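Visitor: As a plain string of letters, each chain reads:
Protein chains: 2
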Amino acid sequence: MAKESIGIGLIGLGIVGGQVAKVLLEKADILAEQAGCPCVIRKIKVLSADPDRPLAREIPAGLLTTDTDEFFAEPGIDIVVEAIGGENPALDYLKRAISRGQHTVTSNKEVIAKHGTELHALARKQGVGLRYGGSVGGGIPLIAPFKYDLVANRITSICAIINGTTNYILTRMEREGIDFPSALKSAQELGYAEANPANDIEGIDAHYKLAIMASLAFQADVRPGKIYHEGISRLDSRDFRCARELGFTIKLLAIAKLINNSIEVRVHPAFVPEDSLLAKVDGVHNAILVEGDLVGKVLFYGEGAGALATSSAVTADVVSSAQDILHGVSDRAVRKSASAISIKPMAEIETRYYLRMNVADQSGVLAQISKVLGDNQISISAVIQNEADITAQVSEIMITTHPAHEKAIQQALGELAKLGVVKEINNFIRVESD
Amino acid sequence: MAKESIGIGLIGLGIVGGQVAKVLLEKADILAEQAGCPCVIRKIKVLSADPDRPLAREIPAGLLTTDTDEFFAEPGIDIVVEAIGGENPALDYLKRAISRGQHTVTSNKEVIAKHGTELHALARKQGVGLRYGGSVGGGIPLIAPFKYDLVANRITSICAIINGTTNYILTRMEREGIDFPSALKSAQELGYAEANPANDIEGIDAHYKLAIMASLAFQADVRPGKIYHEGISRLDSRDFRCARELGFTIKLLAIAKLINNSIEVRVHPAFVPEDSLLAKVDGVHNAILVEGDLVGKVLFYGEGAGALATSSAVTADVVSSAQDILHGVSDRAVRKSASAISIKPMAEIETRYYLRMNVADQSGVLAQISKVLGDNQISISAVIQNEADITAQVSEIMITTHPAHEKAIQQALGELAKLGVVKEINNFIRVESD
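Here the protein sequences line up with chains L and D, keeping their order.
First residue of the first sequence? That's 43 in our numbering, and the numbers climb one at a time after it.
First residue of the second sequence? That's 43 in our numbering, and the numbers climb one at a time after it.
It should be emphasised that the hints constitute simulated quantities derived from the structure, not laboratory data.
Among the hints, erroneous ones may be present.
Since the list can't tell identical chains apart, any single copy or any two copies may satisfy a pair.
[As the list claims (entries may be wrong)] As a list, the in silico DSSO-like pairs of lysine-lysine whose alpha-carbon atoms are at most 27 angstroms apart:
(1) K64 with K299
(2) K386 with K465
(3) K413 with K322
(4) K460 with K299
(5) K64 with K460
(6) K339 with K64
(7) K167 with K45
(8) K64 with K268
(9) K465 with K339
(10) K299 with K322
(11) K227 with K167
(12) K156 with K64
(13) K167 with K413
(14) K137 with K322
(15) K339 with K322
(16) K299 with K465
Since the model is a prediction, treat every value here as computed from it, not as a measurement.
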């Protein structure tokens, strides 16, 4: 096909959009060489055509529009890059672009997690690409590995640290022994956590990303609504001390496992062995451990967020889309039609557990607790009992279990709470190995 | 294109070839779904048609041939998979296949390292693909990341552990305090090292792999002959003890760095900080740390070898080739024509160094050594001097330096060897951070 250039329409000129524009302009030569012809920005949809905007010199005002219809009426846009984030109007824009036969690139995890299957179907129907390499793990190569390198594998599990904000907070708590509110405050002051941090600390961001990865890995339609998620705000500095004593650290894990044609998908804090690779993933970094039947375990690690890293993935997707257009093919290895796969209810998962509780400082307490656990087919792996607080006549007991069913643990927790000798169940955290 | 199936010709039915055949047969459905149509083995070139061969039931004897001409005369072979290893006749087979317009897949690091540029040019001319995902890092996704995800990046460095055998030996030496010969013997007994281990322990295998990665990363023609390489046989258990005392461990690193449009490429043992991710890469695992201007540092980790992991990469390449054929395109993101890039002579590199030497147990020794180093513009970072061996009147001194030029260090080593107080220079090892 003799096409002299590929036209790009960019929606959003914020932190990510601005950086993408910068890369498209500054690296025009490299990208043209990789793509096969120049990739030229033809129009940018913005909220306001601020004359003091970044790249004001490089991007003439004539390229900007605040009018969505004008943006979509612009001829010669082959690829639409959506960089505004959030569910709406991003979803509408993507649908509109695909319906017009435009290839699409986004790093919008919420839209892809919630509407990926629908958008994929629409893109397939229109014969265009839908690419979202920046939606998980910033610039860490993940989508191409799933689409190309690992295609011969039956993926059996994903175990990932995919939220940099929470990992930063947990790293601070672990290293400095500080409590959650202090670590959160510090993360906010440094710009690693938002003023309203719920999206990160409650595991919402991570569960979107897990939905995307699990859908890719298992070629299935894994909606975020089906993913159990639990945040990190319940964690106490004492949990970290106890984890260390037992040879673990605590991470917010996103886990997807294929077991007997059924998958479990869950996001929650977990004890991970301190000598595991995931335990070494510090600060705002991300790491994704993938297991396949041929490849064994492979791990991908890097900066999980940030405009620069995300622009690496977005512009790579632009190049791939441009190659497709020049070769007259649509995105080749798009997610196949979702196969029927059942998602296991959380109650049915099996893992190990850690419990921390305050108990009466008297004899026979451990016997009573052990009996409750034993009655629920839960076997104890390790116990740590701390020196009693003499005045309060309370001591703290920490227990880790062998693998047990979530349902049994929940039942046991209910029964333990009713024991007279158990003053308070402070926390329970799942224990995972990688 | 209405093609009902893609024909595969396999050269070699040994450990890798046999496993590839097994995957192509056992996973035929999955591969067909990914590729777009069935990928069918049409012919297998073997050295002898052993009736007791593996897969004797699954692969009818009629598919086998020991005759190269018969293999290449077979009609309907779209993709030739070379799985015999070694430089020749593998190179001839690949050239012959490409010249016939067949897409090619190989995991042969030696051929690609030495002849990749020539083969790429031939493949480009013939409009066919040349894929070699399994040539570096077993099944660890590496090629697609460079070809797709990281294309917008200027890659500035690669720092990798890419030889599992040596990493296994170094892990044993570190953990158990044993010496090199014992660790090698143990690796040989366990099948991790070959009877003639030179290819691994002398860094030859690693330098082939580095040539491939550096060529990809820098879009340049980096021939293995230009790569400095040094093996691990000089390492002593005392070096590990000293490394530990200073907060390091020792790894065989493959390093490629782009500095001012010139690259340095080298394979040698190195001190790496014990809290770095590369220090945590144990046993036969591989890890490749890549730094790009947009993406920052990303790391890829996994099993670096083995028939199963390699078959993951080889069959993925078969699927990608099949997709290309069905879409009527050739390998899209092949290495661009090699740009002019100079390779820095080893004497000009700059890094930190560790020296270990036996010196006379008398006063003023350190002053003499420091003077030699200082005269060569080498500044000392740390010194450890062990208790003297009273009978021999010798003590051991270990020094780490601040960054210095290789040339200066080599000059200083020559001068130190001539000092009367220096009895023996036991080792010198480069010190790298990641």
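Visitor: All hints, please: hold or fail.
Guide: How the hints compare with the structure:
1. K64 with K299: between (39 angstroms within a copy, 25 angstroms between copies)
2. K386 with K465: Neither way: K386 and K465 sit 33 angstroms apart in one copy and 69 angstroms across, limit 27 angstroms.
3. K413 with K322: Cα proximity of K413 and K322: none, with 37 angstroms in one copy and 40 angstroms across.
4. K460 with K299: Classified as neither: same-chain Cα gap 34 angstroms, cross-chain 63 angstroms, threshold 27 angstroms.
5. K64 with K460: The answer is neither: 61 angstroms in one copy and 57 angstroms across copies each exceed 27 angstroms.
6. K339 with K64: between (36 angstroms within a copy, 20 angstroms between copies)
7. K167 with K45: both (23 angstroms within a copy, 21 angstroms between copies)
8. K64 with K268: neither (38 angstroms within a copy, 36 angstroms between copies)
9. K465 with K339: neither (43 angstroms within a copy, 48 angstroms between copies)
10. K299 with K322: both (22 angstroms within a copy, 25 angstroms between copies)
11. K227 with K167: neither (47 angstroms within a copy, 60 angstroms between copies)
12. K156 with K64: neither (29 angstroms within a copy, 38 angstroms between copies)
13. K167 with K413: For K167 and K413, neither the intra-copy (59 angstroms) nor the inter-copy (75 angstroms) Cα distance is at most 27 angstroms.
14. K137 with K322: neither (40 angstroms within a copy, 45 angstroms between copies)
15. K339 with K322: Classified as both: same-chain Cα gap 16 angstroms, cross-chain 15 angstroms, threshold 27 angstroms.
16. K299 with K465: neither (36 angstroms within a copy, 60 angstroms between copies)
Violated hints, listed in ascending order, are 2, 3, 4, 5, 8, 9, 11, 12, 13, 14 and 16; each of the other numbered hints is respected by the structure.
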